[in-house]
Amino acid sequence: MLSELPIWLNQGVEPPESLKTTGWQPGMKPSAQHMNWLFNRSYLVMKELQENSGTAELQNELNALKTKVNTHLEDKAQHNQFIHEGKLHQIGFGYNPTLGCMTYSIREVI
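Residue 55 is where the sequence shown starts when you use our numbering, and the numbers rise one by one after that.
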């Protein structure tokens with residue numbers, strides 16, 4: 055994420071649970087300390103999301119899944135032959151990264 059964060063470094067004071075439960079009522083003026091706490095927490099959460107959005111972790115998990123799928127497909131390749139009209143045929147499976155999906159083909163084995 056490339057957007058500049060709205061930096062807010064004043065930590066403020068966390069409001070009491072009662073205020074967090076009921077919220078500010080009409081006519082109430084939120085204290086600067088509570089607003090600083092809210093803005094600081096919002097900034098820290100956005101910063102954490104921006105820095106640790108998990109893209110590397112997700113990519114690692116995706117690569118591990120692709121490896122498992124390819125291993126499974128290679129194993130299936132050993133059991134993918136059949137006879138049709140007296141001729142031996144083979145089914146091939148694979149992952150097409152361009153299309154983002156699994157593909158298959160059937161060919162006659164010579």
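Derived from the structure by calculation, the hints contain no laboratory data. Hints are supplied without guarantee of correctness; some may be wrong.
[Claimed, not checked] Listed next, with one range per pair, are the computed distances between beta-carbon atoms: (1) Tyr158 / Glu58: 44 to 50 angstroms; (2) Ser85 / Lys120: 48 to 54 angstroms; (3) Pro60 / Asn106: 16 to 22 angstroms; (4) Thr109 / Asn134: 33 to 39 angstroms; (5) Thr75 / Gly148: 33 to 39 angstroms; (6) Val123 / Gln87: 50 to 56 angstroms.
Beta carbons are placed, not taken as given, at the ideal position from N, Cα and C, and that holds for glycine.
Comparing the hints with the structure gives:
With their beta carbons about 47 angstroms apart, Tyr158 and Glu58 fall inside the hinted range of 44 to 50 angstroms. In this structure, Ser85 and Lys120 meet the distance hint of 48 to 54 angstroms, their C-beta atoms being roughly 53 angstroms apart. Distance hint for Pro60 and Asn106: a CB-CB separation of about 18 angstroms, consistent with the stated range 16 to 22 angstroms. The hinted range of 33 to 39 angstroms is satisfied by Thr109 and Asn134, whose Cβ atoms lie roughly 35 angstroms apart.
Roughly 55 angstroms separates the CB atoms of Thr75 and Gly148, a value that falls outside the hinted 33 to 39 angstroms. Evaluation of the 50 to 56 angstroms hint for Val123 and Gln87 yields a pass: the beta carbon distance comes to about 53 angstroms.
Going through the hint list in order, the structure does not satisfy hint 5, though it satisfies all others.
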